[in-house]
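Going line by line, the protein sequences match chains A and B.
With our numbering as the guide, the letters of the first sequence map in order to residues 1 to 132.
With our numbering as the guide, the letters of the second sequence map in order to residues 1 to 132.
Note that these hints are calculated values from the structure, not bench results.
Think of the CB as a built atom: it goes at the ideal place given N, C-alpha and C, for glycine as much as any other residue.
Any given hint might turn out to be false.
Stated by the list, open to error - With beta-carbon atoms standing in for the labels, derived distance ranges:
1. T2(A) / R6(B): 47 to 55 angstroms
2. R107(B) / T16(A): 16 to 24 angstroms
3. T112(A) / R69(B): 19 to 27 angstroms
4. R91(B) / P120(A): 23 to 31 angstroms
5. D30(B) / H73(A): 39 to 47 angstroms
Said to hold, decoys possible - Sample of chain B residues facing chain A (criterion: CB under 7 angstroms; computed from the structure):
6. S20
7. S92
8. W96
As the list claims (entries may be wrong) - Sample of chain B residues with no beta-carbon within 10 angstroms of chain A, all distances over it, derived:
9. G10
10. T16
11. D23
12. R33
13. S39
14. C68
15. E109
16. G110
Protein chains: 2
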Amino acid sequence: MTRAQRAVLGALEGATGFLSAQDVHARLRDGARPTGLTSVYRALALLAESGAVDTLRTTTGESTYRLCRSAGHHHHLTCQRCGATVELEARSVERWIDQVASAHGYRVEGHTVELTGHCPRCQRRRTATAAR
Amino acid sequence: MTRAQRAVLGALEGATGFLSAQDVHARLRDGARPTGLTSVYRALALLAESGAVDTLRTTTGESTYRLCRSAGHHHHLTCQRCGATVELEARSVERWIDQVASAHGYRVEGHTVELTGHCPRCQRRRTATAAR
DNA sequence: TTAGTTGCAAAAAGTTTGCAGCACG
DNA sequence: CGTGCTGCAAACTTTTTGCAACTAA
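Using the sequences and the hints, build the whole thing.
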């Protein structure tokens, strides 16, 4: 594992939700040994490929990354305001998927299930910012 | 409705699955009255906003668009090989979502559910191409 | 005439690649 | 020494914006 990969991993460990490559880079800029944007991208690509991090694409076209806490396949429930994320084991969703698929004669290979909303904390101290 | 919007709608009507803005533009290039890429983007943005088309982001970062057959909120089951798409009413998924969310104390604002696989036809005459 | 549409060219924004230098074994 | 990591700068891709010309009522 390269230095860049360790640094990126460290940045992701310190994060609550998903970080874009640029976010990661920003966090590393102030450290003792800054990491170039190029290396951040390269490290993220490798980590994603190895399954150590999840990748998500935002509606604005950025790729975002997050450390996988739970191994294996799972889904996310992300707070729009603070970025807090819950990983969901979605056995029941997957059951539904199989059902729906076979009803249409499809064999399902992959699926995306992502939920966004507001976490308990942000619901209480709701002030502004709240998105569409 | 502008000429560009009509042209874009026409292109989407002739498509089986999702088209990127560039795809739409390519299809219109050979017509009697080509439409500029700029206008394609503008038309797609307006159509998406008005709910006439769905938007999806590919893993490669392109936005893709497809005519909405059914009104209202729904999800997609897309064939990876031929692009055929089934629109799903996902009442049961949404029920699950509410359940999961309240279990974690979240209030859910939005969700993404997309399924990919192989349609009945492509399963039969399966040859190659099959992805990840 | 005038408000709105069009599309070229250029700018943005995010990501990837070429390449020379550096580090470490 | 040499292999491979690093990071600057430049290229690339997709999308957006400025602006002058055009279109249609």
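Against the structure, the hints:
no. : hint                                 : in the structure
1   : T2(A) / R6(B): 47 to 55 angstroms    : holds (53 angstroms)
2   : R107(B) / T16(A): 16 to 24 angstroms : holds (18 angstroms)
3   : T112(A) / R69(B): 19 to 27 angstroms : holds (21 angstroms)
4   : R91(B) / P120(A): 23 to 31 angstroms : holds (26 angstroms)
5   : D30(B) / H73(A): 39 to 47 angstroms  : holds (43 angstroms)
6   : S20                                  : violated (13 angstroms)
7   : S92                                  : holds (6 angstroms)
8   : W96                                  : holds (6 angstroms)
9   : G10                                  : holds (26 angstroms)
10  : T16                                  : holds (15 angstroms)
11  : D23                                  : holds (17 angstroms)
12  : R33                                  : holds (30 angstroms)
13  : S39                                  : holds (20 angstroms)
14  : C68                                  : holds (17 angstroms)
15  : E109                                 : violated (5 angstroms)
16  : G110                                 : violated (5 angstroms)
Hint compliance for this structure: hints 6, 15, 16 are not met, and every other hint is.
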